[in-house]
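If you're matching them up, the sequences are chains A and H in order.
So that you can map any letter, position 44 of the first sequence is 44 in the numbering used here, and since no number is skipped, the others follow by simple counting.
So that you can map any letter, position 102 of the second sequence is 102 in the numbering used here, and since no number is skipped, the others follow by simple counting.
Since the hints were derived computationally from the structure, they do not count as laboratory data.
For glycine and all other residues, C-beta sits at the position ideal for the given N, C-alpha and C.
One or more hints might be untrue.
Going by beta-carbon spacing under 10 Å, a handful of chain A positions derived as facing chain H [said to hold, decoys possible]: (1) Ser-55; (2) Tyr-143; (3) Ser-196.
Quick list of the computed label-pair ranges, beta carbon to beta carbon [claimed, not checked]: (4) A:Phe-189 with H:Asp-227: 51 to 59 Å; (5) H:Ser-100 with A:Ser-145: 15 to 23 Å; (6) H:Tyr-112 with A:Gly-241: 54 to 62 Å; (7) A:Leu-64 with H:Thr-188: 32 to 40 Å; (8) H:Asn-143 with A:Ser-145: 26 to 34 Å; (9) A:Val-149 with H:Glu-333: 15 to 23 Å; (10) A:Phe-260 with H:Trp-101: 39 to 47 Å; (11) A:Gly-136 with H:Gly-214: 55 to 63 Å; (12) H:Pro-221 with A:Gly-136: 24 to 32 Å; (13) A:Leu-64 with H:Trp-101: 29 to 37 Å; (14) A:Tyr-201 with H:Pro-228: 13 to 21 Å.
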Amino acid sequence: MGIVIALLMAINSLYAQANTFDMPKDSSALKIERPVNSAFTFDMGSSSILDTYLSPIKYTGMNLRLGYERLQAMKFNPVPWVMQMDAGIEYQRTKNIPRNHSMHSLMIEYQWGMMHRWNVMPGLQLMAGGSTRFRGGAIYNSYNSNNPVSPKIHWSLNLTGMAVYNTNIGNLPVTFRYQASLPFIGAFFSPEYGESFYEIYLGNLENIVHCGWWGNRFDMRNVLTVDLHFGRTSLRIGYRGQIETSFVNNLNYHFYTNSFIIGVSGEWMSLRPRENTTEKARIISALY
Amino acid sequence: MKNTLSQILLMLTLSGFLINLGSCHDYVEYANDPYGNFDALWTAIDEHYCFFEYKNVDWNEVGQRYRAQILPEMTNEELFDVCSEMLKELKDGHTNLVSSWDISRYWIWEQYPKNFDERLIDEFYLNFNYKQASGIKYQILRNNIGYMYYPDFSSGIGEGNLDNILAYLASCDGLIIDVRDNGGGFLTNVDKLVGRFITEPILAGYISHKTGPGHDEFSEPYKYYFDPADDTRIKFLKPVVVLTNRSSFSATNNFVSIMKSLDNVRIVGDTTGGGSGMPFTSELPNGWTVRFSACSILDPDGNETEFGVDPSEGCKVDMDTTDMLSGYDTIMEHAFEVIAEMRAAGI
Numbered sequence: 001m002g003i004v005i006a007l008l009m010a011i012n013s014l015y016a017q018a019n020t021f022d023m024p025k026d027s028s029a030l031k032i033e034r035p036v037n038s039a040f041t042f043d044m045g046s047s048s049i050l051d052t053y054l055s056p057i058k059y060t061g062m063n064l065r066l067g068y069e070r071l072q073a074m075k076f077n078p079v080p081w082v083m084q085m086d087a088g089i090e091y092q093r094t095k096n097i098p099r100n101h102s103m104h105s106l107m108i109e110y111q112w113g114m115m116h117r118w119n120v121m122p123g124l125q126l127m128a129g130g131s132t133r134f135r136g137g138a139i140y141n142s143y144n145s146n147n148p149v150s151p152k153i154h155w156s157l158n159l160t161g162m163a164v165y166n167t168n169i170g171n172l173p174v175t176f177r178y179q180a181s182l183p184f185i186g187a188f189f190s191p192e193y194g195e196s197f198y199e200i201y202l203g204n205l206e207n208i209v210h211c212g213w214w215g216n217r218f219d220m221r222n223v224l225t226v227d228l229h230f231g232r233t234s235l236r237i238g239y240r241g242q243i244e245t246s247f248v249n250n251l252n253y254h255f256y257t258n259s260f261i262i263g264v265s266g267e268w269m270s271l272r273p274r275e276n277t278t279e280k281a282r283i284i285s286a287l288y
Numbered sequence: 001m002k003n004t005l006s007q008i009l010l011m012l013t014l015s016g017f018l019i020n021l022g023s024c025h026d027y028v029e030y031a032n033d034p035y036g037n038f039d040a041l042w043t044a045i046d047e048h049y050c051f052f053e054y055k056n057v058d059w060n061e062v063g064q065r066y067r068a069q070i071l072p073e074m075t076n077e078e079l080f081d082v083c084s085e086m087l088k089e090l091k092d093g094h095t096n097l098v099s100s101w102d103i104s105r106y107w108i109w110e111q112y113p114k115n116f117d118e119r120l121i122d123e124f125y126l127n128f129n130y131k132q133a134s135g136i137k138y139q140i141l142r143n144n145i146g147y148m149y150y151p152d153f154s155s156g157i158g159e160g161n162l163d164n165i166l167a168y169l170a171s172c173d174g175l176i177i178d179v180r181d182n183g184g185g186f187l188t189n190v191d192k193l194v195g196r197f198i199t200e201p202i203l204a205g206y207i208s209h210k211t212g213p214g215h216d217e218f219s220e221p222y223k224y225y226f227d228p229a230d231d232t233r234i235k236f237l238k239p240v241v242v243l244t245n246r247s248s249f250s251a252t253n254n255f256v257s258i259m260k261s262l263d264n265v266r267i268v269g270d271t272t273g274g275g276s277g278m279p280f281t282s283e284l285p286n287g288w289t290v291r292f293s294a295c296s297i298l299d300p301d302g303n304e305t306e307f308g309v310d311p312s313e314g315c316k317v318d319m320d321t322t323d324m325l326s327g328y329d330t331i332m333e334h335a336f337e338v339i340a341e342m343r344a345a346g347i
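Next up, chain H with everything else stripped away, as it sits in the complex (with noise of 0.2 Å):
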């Protein structure tokens, strides 16, 4: 019995003694100053953002710069303003520093043409006379083309619905896409909406992301497939053009760069907005939270599509403004165009 006693204690004591073990994955708190929630910010980043190589960003050095304007009696506004510029040297569309009065961004469409105007599609074009289904804006046009405008990937397609649009559109020669001016949403949805215009499972890209702290440490890119519709679900596989400008962005960029490896697609617009990176959340100590690129998502020929997806040969358009005044959208126009090309050519 007294050997029992002692086992029992021996137990108890290891048990303590694992307490501290457990304890041992240590983390940094830092302080609730502008060093420490310039230096949460900077780690934060360093520990977890996935294109310092892909842009060759030197975050050390930007660090370094960054921090030499830290003062310890800075106001919270100016510090945001610090760490914003330091953000900023990301380019990237998808890194927003969040506080209660304002959100840091790189928006690149902010430097390029904006190359849509809905009002012009939805007078001259649909004649305000259009169907609307899971956010989703459709009507044959005048020439026998049926026209889809999807603005948002965050509203959810039913597959019900994809099938009643694709149903009252089945009877025209082509189909325009159109997603200017959608900020991306859900990948699951890409998923989805891509299936419509598939009969065979597709290699639809890779998708990659960091395994520790240090900026090499990824995983092997892994290639991920999309299936089609099922048998049941109505399809479109007649020519399908996808209208795109600067501001297709995040889960638009994808989408698009996925189409555009279809046979029967085609790219008309400008180049897509970008934003291949997945984004997560991160916080600091004093409450502001910082969302950045942590997942690198390529395009199905393995291609990186950060900086956006470039429009099918011969199909960059800009807007003309003389069009525009005439109530004509260039890029429509030209996508009528090549709608006709490809039923020329017996795509």
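Looking at chain A on its own, in the form it has when it is part of the complex (with noise of 0.2 Å):
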């Protein structure tokens, strides 16, 4: 992550000059405010699991999920610079193909990641940078016997891109918003071919981390939003893609998700009651 981070800011050095969001000369006299933009949504959609420990079959259903991001102008240089926090809660509930047996798959993931942005042209951003994520659940397979569980135990460093665009669709101002999420590195969890948890149980703990890489491991995430803003807070509506495989221990595991995103976002500005305000304060927002 420190090497991500210092990449991150030599090429905010080198394009410090050529920033479009200039600061004023005077900025000590300029306070800045940093809202915070906030969206909770609900995705809706289908899911399609392979994971070999537990079938060799690959089993299709739902997706649901429940999350939080925030979205932030960063405190040490904020204009350039902008933290993004993603939190989710989801699950997956499958079939396989006669549809007489299922797997549930319950999946917690936190996501904190810190970008640059560009103001390529009015109303046009771009955002570059990395993040890191952890994500960790288990899928369940009620008629195996000693493998009835696949645990999932995934952190990692990702690669991650947006590209914002504020237009008006008539009067009606909306902001579309394409995310990519690339992880390059990272470590998870995975049992041995045959391996039984019982083993594991018992103090075997060998071969079980590994370290994920773009050779035993590919993960990537597309989310496309749109805000319309209707007033104070805004109708999100979107897509969202997850795409997870790894093939390790000669275990195959497929996991994608295709949903239809829902929520409400809106930016908010936590005030300080002690301190006066002041007209000379400008708003720095993380994506209007």
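Mind docking these for me? Both chains are given alone in their own frames, and the hints should help you get the complex.
Here is the structure:
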């Protein structure tokens, strides 16, 4: 993570002079306000799971997700730098081809990242940066004997990029956003090919934690949203696609979801009652 | 700025390329027809079963022989019968094919004497007067020998329950643990029960698993140890006899193999039913499930017990029909003699 941040800081210094979000020269007189862009979302869609520790058969079914996202300009350099926090809990209920067996998957995840942004043309921002994500949960197949559960624990460092376009449709302000996240290294858990959890319980922990890289694991996430700004709060609709694949210990894992997103978003600013407000405040939004 | 845009575009292009990289880990999807389901079953066993070498099974030959019996127009029942017969070649009680109307099986105990009559024990030894906790039936017998009958290792054993049972039996001269007709259950209960008969950590055995689809791809056998129960718990360290028959299977077989290694324990009765392979489950495109031995558990001496654990030396006993008609359990009576001999020997 440190390498990514250092890389981004270097890029930042290279482009600092070219940044179109130029700060006023007398910035000390200007109070910077950094509103929090928050969104609560609900995803509903389809999922597809193949986990050969549990079954050689691909299971398909539904995907549900509750998510919270927070974006904010960063304090140390609010104009070009944006932080993003994303947390979610999701559930997949899937069935095999004859629809007589079910698999249930429950995952939680937390991601924090920072991105550098460039205002490439009026209304359009591009962002690129890094993030770290923890994702954990389990897939459960109730028909199995000593292989009923496949725990999924994954920590990763990710590359992420975002495009934000603010415009109007008629009189309605809207914000289009596309974000792609691509883990490039991390660590994840996998039992060995035919290893039971009883053996792990007995203390055999050999070869169950793996360094995740593109040779044994590839994940990607794509999110496309539209915020319709009806007033102080906005309606968010969109699409989220998740790809997780791994091949380690001769175990094959494919996890795909395609979901429709609906939610509410808005920008919130905290007030400090004991501090005087100033007319020279400047609001630096993370998205708008 | 143009450079930056170029870099971002390059990254997105690379992302698109890597989506394809992620799908490189292909898998085989079998058709849901007689050939597809047969091949899926044969492959699941071929890649995961752990006893091919030990049982000297040529699975390729077996597959060719039974695949020749598959016909495109055969019914599900006919396909099930062919697949079931193929699985019986493994001679494995942990290997079953499960459909909505039947479960194929190879149950070794069907070929041997039953060697157990619970009613006889209840009536003539317990006088229908016994206590019961954690699925364990227990009582002090007329000759001051404690008796515990544990019929199912799936029944959870509470530490507090074991304390109560062993406190009640503490004054006995010896203890009989009857696990006849116990078809197995949770291995974690084995640990809990054995811990009451040891004072130091013991080598309980070895466990090995497949590391890949090849028939010879196994992990190094992993030594595992059992610890004694906490010092605050009640233990029984006087002579102990474990009663077994061919229906003492799976986790029970594991329990017997470990108890046999203890100095103050004798195994009396018939050879156990085996089942030392820890079963995993897979499935076929038509929704049938197949259970099979996936991990091999060896006894403390490093021996396979897939075909059972023999009784202690001189302790192989079958039930005598005449004894049974007279209200005697031949195996139980022999256990009394063994405990008397152990006491005489100062154990």
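Which of the stated hints cannot be reconciled with the structure, identified by number in ascending sequence?
Violated: hints 4, 8, 9, 11.
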